[in-house]
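Listed below are the residues making up each chain.
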Amino acid sequence: MTKLVRTTLFAVVLAALVAATAHAQRTVNLVGWAIGPDDPAIHRAENLEAAVDLMNAALEERGADYRVAIETDFETVSWDDYRRRILLGFESGQAPDIIISSHIDIGTWADAGYIAPLDDYIDRYEAFGDIADSLWDFVTYKGSVWGVPLNPEARPFYFNKKLLAELGWSDEEIAELPERVRSGDFTWRDVIDVSVQAVEAGVVEEGHGYWHRPVNGPDFWHTYYAFGGRLQDEETGQLVFTRDAALGMLTLYRDMVEQGVLTRDLINMPWNDWHRAVTDGRVLFNSAGTWTWAQWALEFGMGFEAVEETFGHALQPAAEPGGRPNTLSQPLAHMLFAGSENLDVAAELLSYVVSPELDVRALESAHLPVLESTRALPEFVEDEFLSQVVYMLDYTTAQPIHSGFGRYSDVFFRAISAVEAGQVDPEEGVEIVVDELRRALGDEVIIE
Amino acid sequence: MRSGRPRRPEAGESVSTRRAGAHLRTPALFLTPAFVVIALFFVLPAVVTVFLSLTDLSARTMTNPTFVGLANYEYILSSRWTPIVVRNTVLYVTLTLAFNVVMGLALAVSTSLLPDRIGNGLRLLWLLPRITSPVIYVLIWQALLAPAPFGLVGNLMGISRNVVNAHPWPTVILANGLIGASLGMLIFTAAIRSIPRDLFHASAVDGATTWQTVRRVVLPLMRWPIMFVTAYQTLSLLASFEYILLLTNGGPGFYTTEVWSLWAYKEAFQSYVGNVEFGLGAAMAAVLVVVGIVASLVYLRVFRFDELLSRPKVEVN
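Line order of the protein sequences matches chains R and L.
FYI, in the numbering used here the residues of the first sequence are 1 to 448.
FYI, in the numbering used here the residues of the second sequence are 1 to 317.
Hints in this document: simulated from the structure, not taken from any laboratory.
Take these hints with a grain of salt, some might be off.
[What the hints assert, rightly or not] Here are a few chain R residues that face chain L, going by a calculated C-beta distance under 7 Å:
#1 Thr108
#2 Pro270
#3 Gly303
Every value quoted in this text rests on a predicted model; they were computed, and no experiment measured them.
From the three backbone atoms N, C-alpha and C, an ideal C-beta is built for every residue, glycine too.
Work the whole structure out from these sequences, hints included.
Written as structure tokens, this is what we have:
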């Protein structure tokens with residue numbers, strides 16, 4: 001009897017202890033939002049979930065009294081919708097703890113106090129030390145680090161190899177094109193000349209020689225840079241508008257439309273129509289991103305083999321012979337909501353996101369990894385496309401981090417649209433942009 | 001059954017005042033919910049909009065906005081685009097409204113002349129776009145108008161251009177008008193059905209043709225429904241921009257199809273890099289509120305709304 005009582009008591013005490021331990025272990029619930037909008041970039045959200053598993057294993061090992069859970073959301077529609085949702089979240093205090101967005105959002109959001117500076121955390125966790133040094137510049141604003149970079153990319157100038165062959169180019173000539181662009185031998189004017197030939201020979205329809213993106217976005221700035229433009233003054237941080245560069249770029253687009261290289265209906269074309277025309281082999285040259293490679297293969301059903309057979313890639317051409325070709329990168333960044341109650345936990349979670357086994361998933365959407373050690377992994381070395389385009393990062397440019405850049409970008413995009421639609425000539429377009437920038441941004445912009 | 005004696009008037013309280021108060025109590029009771037709803041959802045937002053329009057509230061200054069007086073209004077007035085956007089708005093509202101009312105009337109009259117089963121079927125078909133989500137509706141338009149070989153219209157007519165960009169205004173007006181006409185169609189059909197049958201019989205006896213019956217009997221009795229549809233659609237069109245946003249986004253080029261409400265929306269909520277200007281957007285919206293109120297007053301006067309509310313001159317019991 002006594003033994004039975006003792007055993008029962010022992011069992012009860014043990015159960016109570018287990019229950020107490022279980023009760024003491026709390027769960028920190030985080031929310032993380034990510035955006036593609038291209039489907040293959042789903043790993044951005046999935047990596048946050050995978051990092052939770054890594055972190056929980058580490059927490060268990062060190063006997064911590066909490067575990068982490070995360071609820072993620074992946075936006076596939078548009079940047080506009082995504083940013084609006086985040087802004088409303090900021091205003092209502094219900095923004096997610098972790099926000100994945102473009103590095104250029106840092107200016108506005110940091111100025112408004114919506115996102116938290118990460119300098120202390122970057123020093124605290126060793127994992128961040130493996131991130132390529134050059135990437136920190138993209139997330140540094142007013143002397144502080146505001147984000148952990150992810151998925152840098154390059155934006156290549158693509159050419160349809162089959163159409164060039166149809167036009168009479170030999171395999172050697174096609175293979176040499178990236179090097180000709182790189183050396184400044186093949187310029188934007190050559191893009192027009194070859195496109196005109198292709199239209200005249202019936203290889204492509206009129207207006208299908210060269211296509212830039214159809215909606216507002218970063219891909220126009222590499223062309224502006226190619227014409228010698230500046231966007232930001234390094235010393236003062238003010239925005240800069242270079243008249244001559246803008247005029248050169250708008251004149252280029254006007255000439256493209258007038259010579260039947262670029263359709264005047266390109267602006268505002270739905271992205272799906274744009275990709276369908278390109279993947280159907282109806283467009284000779286186009287400017288897009290490295291991730292587009294994966295999109296064409298997966299989302300538009302070409303498969304990687306056909307994409308490789310059809311498209312070649314080069315830097316964005318120079319404006320003048322011998323000029324410098326370029327590309328543009330707009331890495332994303334993990335940012336932390338300043339109003340989050342779990343800033344420390346969210347920051348620690350990011351240190352697990354930047355592990356090589358998760359970082360390497362960037363390849364799935366044809367983005368580049370951020371960690372030095374990932375670039376040594378066989379998956380990266382064996383990825384033919386990415387290892388071929390990684391040199392482009394030596395020629396890359398960036399957009400400024402400035403809260404007035406949204407307005408700047410909107411005004412200039414309208415000018416591009418107006419010039420291509422034949423509404424104004426390039427000179428008039430530049431003057432309108434200058435007026436609008438002065439009116440909207442005042443001292444925040446230097447006109448040169 | 002009343003219990004006890006009636007209360008005697010207190011000193012200073014006249015019998016007539018007490019009666020007047022009692023007279024208003026029941027209507028007040030019934031009107032209170034409506035007043036509360038109007039105050040909360042119509043008056044308060046308008047007041048808040050005007051208040052916001054006097055600040056520099058933006059994504060950047062959200063935590064610390066400052067009072068800027070009429071600076072936002074000055075900014076709007078000094079913009080080179082203001083006259084163009086005003087012109088676009090007038091064009092859009094007038095043409096779409098004309099299309100809506102005329103098309104709605106034509107549909108109501110023509111479907112009323114048909115046997116009920118066919119008429120109802122046609123009206124139902126016409127309602128389909130209205131019950132379709134705007135995004136799906138615009139996707140259908142885009143699919144129809146995309147350049148060949150993707151767009152149906154382009155393929156059939158041999159147009160290699162994107163019809164939305166080539167003819168932005170007709171596209172915007174047609175896309176809006178085809179949806180808007182269904183509201184007029186429903187209201188006008190109901191109005192036609194409420195016309196006493198005797199009038200149709202009398203006109204038939206007098207030997208009136210169908211057109212004469214429509215012209216001399218139906219249309220004169222449709223004044224109030226036409227007034228309602230015109231006034232309602234004007235206000236609704238002034239504030240609507242979703243189909244333009246989705247179809248042309250205000251382009252192509254500089255503000256080609258940008259209407260006032262779309263401009264306000266873009267300033268307040270849309271920017272490639274999240275810095276949106278709520279103060280400026282609110283100032284634009286406040287202008288729209290004033291225009292809406294003025295338009296309503298003009299309509300009430302033009303259509304002599306007071307006559308609708310006045311007691312009938314002859315009352316038949």
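Hints, verified against the model:
About 4 Å separates the beta-carbon of threonine 108 of chain R from the nearest beta-carbon of chain L, less than 7 Å, and the hint is met. Here the hint on proline 270 of chain R is kept, as its CB sits about 6 Å from the closest CB of chain L, short of 7 Å. Taken as an interface hint, glycine 303 of chain R does not check out: its beta carbon lies about 21 Å from the nearest beta carbon of chain L, beyond 7 Å.
In this structure, the one hint that does not hold is number 3.
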